[in-house]
Amino acid sequence: MAKADGMALPFESTTSIRPEVLEAIAYDGRPQLISYTTDEFSAVCPYSGLPDIAHVEIRYIPEGHLVELKSLKYYFMSFRNVGIYQEDATSLIFDHLAELLGPNFLRVYTKYNVRGGIDAECVIESGYEEDAIREFVHQETR
Numbered sequence: 063m064a065k066a067d068g069m070a071l072p073f074e075s076t077t078s079i080r081p082e083v084l085e086a087i088a089y090d091g092r093p094q095l096i097s098y099t100t101d102e103f104s105a106v107c108p109y110s111g112l113p114d115i116a117h118v119e120i121r122y123i124p125e126g127h128l129v130e131l132k133s134l135k136y137y138f139m140s141f142r143n144v145g146i147y148q149e150d151a152t153s154l155i156f157d158h159l160a161e162l163l164g165p166n167f168l169r170v171y172t173k174y175n176v177r178g179g180i181d182a183e184c185v186i187e188s189g190y191e192e193d194a195i196r197e198f199v200h201q202e203t204r
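Plus 62 on top of the position in the sequence shown (first one is 1) and you've got our numbering.
None of these hints come from the bench; they were simulated from the model. Given the structure is predicted, the values throughout are model-derived calculations rather than measurements. Glycine included, every Cβ here is placed at the ideal spot set by N, Cα and C. Any given hint could turn out to be false.
Unchecked claim - Ranges of calculated distance between the beta carbons of each label pair, as one might list FRET restraints:
no.	residue 1	residue 2	range
1	110	85	19 to 25 Å
2	178	93	38 to 44 Å
3	186	87	20 to 26 Å
Put together the whole structure using the sequences plus the hints.
What follows is the structure, encoded as structure tokens:
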């Protein structure tokens, strides 16, 4: 629980994050790079107790599964009252999606609203996006 100017600002622990709400959908379509973005991600800074609002971008090349978008929204909502550092939130999102989907490529990018005049961006990739596109998506036309 953070204390600022004598005020207690409670928040939940990371055990409140709900990866079990994430659902995978079977996919057997053409290889493609998929991108999902939202500006509605929020968590709580465990140092200050203040909200951390972020733009989140997920890019992946599926290997048999897609993430169901309503379940992704509920998953993101489970972070709302959780005290977690920005870097740890990015890492958990990456780990949970990698476990759920087993994609050929995965990239999670978060850009947090400015705090104290400092921009914060976090990126985790399973490899180089350009290489993954070349290997899994690019198809020669005849």
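Exercise for the section: List in ascending order the numbers of the hints, as given earlier, that are violated by the structure. Expected result: 1
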